[in-house]
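Number of protein chains: 2
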Amino acid sequence: MSKDTSINIGLCGFGTVGQGVWKHLEQNRAELAARLGAPLRIAAIAVRDPQRKRAVKLPPKLLREDPLEIATAPDIPIVCELMGGTDLAHRVTLAALRAGKIVVSANKALICEHGAEIFATARKHGGHFFFEASVAGGIPIIKALREGLVANRFPQIYGILNGTCNYILTQMEERDAPYAEILSEAKAMGYAEADESLDVGGWDAAHKAAVLAWLAHGLWVPPSRMIVEGIERVTPADFKNAATLGYSIKLLAIITRDFASNEVSVKVHPALLPDHDVIASVNGVYNAISVTGDVVGTTLYIGKGAGQDATASAVISDIADAVALLRSGKCVHLNSEVAPLPAEQASAGKSGEGSVAASAVTLAPLERIHGRYYLRLTVRDEPGVLAHIASIMAQHAVSIASVLQTPSEDPEMASLVLTTHDANERAMRDTLHELSRLKVVNGAPLLLRICEFNT
Amino acid sequence: MSKDTSINIGLCGFGTVGQGVWKHLEQNRAELAARLGAPLRIAAIAVRDPQRKRAVKLPPKLLREDPLEIATAPDIPIVCELMGGTDLAHRVTLAALRAGKIVVSANKALICEHGAEIFATARKHGGHFFFEASVAGGIPIIKALREGLVANRFPQIYGILNGTCNYILTQMEERDAPYAEILSEAKAMGYAEADESLDVGGWDAAHKAAVLAWLAHGLWVPPSRMIVEGIERVTPADFKNAATLGYSIKLLAIITRDFASNEVSVKVHPALLPDHDVIASVNGVYNAISVTGDVVGTTLYIGKGAGQDATASAVISDIADAVALLRSGKCVHLNSEVAPLPAEQASAGKSGEGSVAASAVTLAPLERIHGRYYLRLTVRDEPGVLAHIASIMAQHAVSIASVLQTPSEDPEMASLVLTTHDANERAMRDTLHELSRLKVVNGAPLLLRICEFNT
Ligand SMILES: NC(=O)c1ccc[n+]([C@@H]2O[C@H](COP(=O)([O-])OP(=O)(O)OC[C@H]3O[C@@H](n4cnc5c(N)ncnc54)[C@H](OP(=O)(O)O)[C@@H]3O)[C@@H](O)[C@H]2O)c1
Ligand SMILES: NC(=O)c1ccc[n+]([C@@H]2O[C@H](COP(=O)([O-])OP(=O)(O)OC[C@H]3O[C@@H](n4cnc5c(N)ncnc54)[C@H](OP(=O)(O)O)[C@@H]3O)[C@@H](O)[C@H]2O)c1
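Note that the protein sequences, when read in sequence, are chains B and D.
Sequential numbering of the first sequence, starting at 1, is according to the numbering used here.
Sequential numbering of the second sequence, starting at 1, is according to the numbering used here.
These are calculated hints, taken from the structure and not from any lab test.
Each hint should be verified, as a subset may be incorrect.
[Unchecked claim] Taking lysine to aspartate or glutamate pairs in the DMTMM-like style, the calculated list, with each CA pair at most 20 Å apart, reads: (1) B:23 / D:174; (2) B:240 / B:410; (3) D:23 / B:66; (4) B:187 / B:174.
Go ahead and model the full structure; you've got the sequences and the hints to work with.
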């Protein structure tokens with residue numbers, strides 16, 4: 001590459017994130033060129049609807065009708081996939097990687113669904129896939145895990161990975177307001193999507209957890225094999241009960257690995273987090289990730305988890321790494337000079353692969369996933385009910401730690417909040433199944449998990 | 001480099017950090033080889049006293065008498081300088097860089113004193129200088145600033161950079177105990193050095209602040225041109241007063257840049273931090289750094305700031321980056337293919353240089369460094385004293401925000417705690433100078449700074 005040639009970048013997608021990348025590449029043009037040793041040029045942009053009004057005007061001469069055109073254009077070595085979705089984005093990503101390009105992506109849903117294929121394609125064709133923006137917005141957590149903490153194995157990673165849920169839970173807690181009210185407000189203010197289900201159901205956090213679990217343990221865990229529970233059924237009363245017990249409620253993603261059994265578990269669910277845990281005080285649209293490494297101990301990362309600017313910051317850091325890679329002349333067929341690693345294995349650096357030999361790692365069965373639980377039931381307010389419930393729990397070896405009974409709106413009913421000692425997921429599931437079939441129990445019980453991390 | 005050759009590493013120094021690096025490279029040997037695509041081998045070790053008893057036994061055949069031998073050995077491309085000091089360490093570092101090697105360093109004192117020369121030497125001879133372990137132990141803050149947040153300019157960086165001071169302050173606060181008592185305890189437990197002055201005087205944090213300021217702003221600021229104040233004069237009473245006002249006390253390093261005037265300021269001093277600031281609750285030997293970027297907003301990093309294992313984690317991450325660089329065949333004369341940057345400028349990536357064109361940046365004069373202040377004076381308990389003090393402050397345009405008067409041990413004296421509205425350093429210095437000369441003021445007044453960051 002000659003020293004005065006700028007480096008061409010293609011943007012597939014020019015929505016929230018794409019326009020943010022454009023804006024900041026423009027604003028910091030000279031400084032970035034100095035830092036990277038080469039000027040950057042956005043050479044082509046693809047959108048669905050060229051007529052759409054945008055905050056940043058789309059320069060007509062850059063417009064390409066088809067993002068696949070950008071993916072395959074020989075003069076565009078860096079392709080940013082900022083469309084979202086798992087169909088066209090999938091085809092664009094694979095096409096660019098097959099052309100030996102560097103793909104920069106913010107698309108956690110795509111990575112979660114097709115990660116194994118994407119990285120295999122990159123490896124095969126000498127392409128590279130960078131994805132800092134896919135998890136935790138502007139927090140450089142991907143780089144921290146794969147480079148900064150490369151000396152470590154990771155027994156525990158947990159945190160807040162979805163800003164929408166954290167915003168809703170924070171508002172519910174602060175204003176003692178019901179979920180539905182806060183949700184519709186959040187939609188009106190643009191903090192939640194029109195279709196909120198991906199966020200509030202925990203699926204977006206699950207996609208991100210899949211990316212982190214793969215980085216840390218070399219294993220692709222589809223959400224269907226995680227425990228994934230959303231925030232829809234959390235009520236203001238749960239916040240009050242939690243506060244009484246000394247906890248806050250957060251939607252957490254939790255990735256643990258037991259290095260003795262070599263079992264990994266990935267969970268996303270609302271959790272009672274003790275007030276002394278720093279993450280319990282991370283509010284609003286912020287994300288936070290606690291990473292425990294066997295060498296470094298626990299490190300904690302906090303920052304905005306989404307939004308145009310924070311996400312653009314992450315995309316641009318990947319572009320910078322892509323430029324460094326291009327300038328080192330190592331883009332195409334990076335791995336041709338070294339022995340290829342087995343597909344499940346990983347190599348560090350930014351070669352677009354994971355970071356840990358994962359051959360022997362398996363998913364932990366429900367029996368070996370355990371913790372303490374918070375259980376809220378609406379029950380008939382009559383003698384013997386608590387005894388009955390307690391005996392069912394005892395049959396499943398679930399031992400009760402505390403009981404809180406409060407009146408319900410219906411005078412014939414009472415709200416019963418139980419916390420348990422350590423129990424396993426299988427036992428809790430069986431218990432829950434049996435409890436929910438009791439005539440004295442009204443509606444489905446709510447199960448939350450109590451998370452006291454050793455950090 | 002052939003694919004099955006291991007990569008030789010030399011350790012100059014085999015003390016706390018050196019032995020940690022050895023231990024973890026040993027323990028994770030296979031996994032690291034898989035991650036890095038090449039096995040690592042510690043090929044040589046230099047110490048001062050080969051007979052010394054160590055937790056990790058020094059393999060005799062690896063011993064070299066002189067660290068300079070390792071620095072110049074042609075078969076050792078990666079040299080870890082883990083001796084400390086700024087004399088021999090300086091010579092070893094320069095010799096290795098002149099040989100085009102990659103030097104990995106944990107030595108913030110050296111970088112602070114000789115950084116400009118070190119990076120110029122690296123540039124000139126195609127060597128590289130990596131220094132993740134020099135600031136904030138295992139927290140990958142160097143990588144975050146120079147790579148993960150490369151899209152950003154940094155109006156504000158602040159945090160706790162010295163674990164010893166944070167341990168002492170935390171203990172003083174929690175146990176209502178005087179400085180001297182906690183210090184001697186900390187020495188006995190190995191949390192403070194026999195000669196504590198570098199830590200408690202703020203100098204170690206100043207060295208680290210210099211490294212961060214250079215990374216963020218491309219400017220070498222020697223501690224003599226910073227505001228540096230230590231924790232020695234903070235008393236249990238100050239913690240009580242601070243608590244009354246809603247603050248905790250932390251030794252902070254604060255690096256600010258005003259992009260309008262292009263002025264940078266670097267300060268290290270005990271600060272009153274409001275309880276709602278997450279960093280106010282970072283206790284014990286932990287470090288924490290808040291980084292505000294113009295694109296990403298504020299991100300926060302917390303982790304162990306020192307210690308054998310956390311520091312080794314950082315050294316090993318630099319070794320991993322060094323290996324990636326070597327494997328890309330780009331070690332020697334990396335910059336020969338691109339136009340050289342002016343010495344004050346910087347290029348990103350791991351090319352051993354800073355990250356920002358800094359040509360126009362200057363240090364802010366005291367008049368433009370400002371904030372709120374906490375002032376504690378021991379004064380004669382007699383009429384007119386407060387009026388006198390207030391009038392002196394008013395003459396310097398320092399406006400009082402609150403006054404707290406408490407009895408002193410000496411019945412003729414009173415302790416006077418004043419907080420100010422926004423004032424500048426020059427005005428405060430002049431005020432302090434004048435106040436300390438008053439007959440009614442006993443001993444030197446204590447000045448602390450109140451830090452309410454907009455994050
Ligand atoms: N927004 C965030 O804060 C955030 C944070 C982290 C990650 N992400 C991820 O970043 C990606 C983009 O998110 P976003 O919020 O920027 O989405 P967005 O605002 O909806 O923008 C999507 C862009 O892709 C274009 N596009 C969609 N389908 C297309 C097609 N068939 N052909 C050509 N162009 C097409 C759209 O074109 P039109 O403009 O013509 O409709 C639009 O410009 C997603 O993967 C998302 O998960 C977003
Ligand atoms: N300790 C930490 O937690 C920490 C954290 C961050 C950064 N650092 C930095 O890391 C560096 C090393 O710190 P450390 O705590 O590991 O120091 P240390 O325990 O005192 O070890 C220093 C090592 O260097 C060797 N050495 C000293 N002078 C020498 C000479 N003239 N020739 C050959 N070898 C010599 C010593 O040899 P002998 O063993 O024979 O005395 C010893 O092995 C320092 O720059 C420090 O600031 C330390």
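Do the hints match the structure? See the list:
For the suggested pair residue 23 of chain B and residue 174 of chain D, the alpha carbons sit about 48 Å apart, so the restraint of at most 20 Å is broken. The suggested pairing of residue 240 of chain B with residue 410 of chain B holds, with an alpha-carbon distance near 19 Å, which does not exceed 20 Å. Distance restraint check for residue 23 of chain D and residue 66 of chain B: the Cα-Cα separation of roughly 53 Å exceeds the 20 Å cut-off, and the hinted pair is therefore not satisfied. Annotation: proposed proximity of residue 187 of chain B to residue 174 of chain B holds, straight-line Cα distance about 18 Å (limit 20 Å).
The earlier numbered hints that this structure contradicts are 1, 3.
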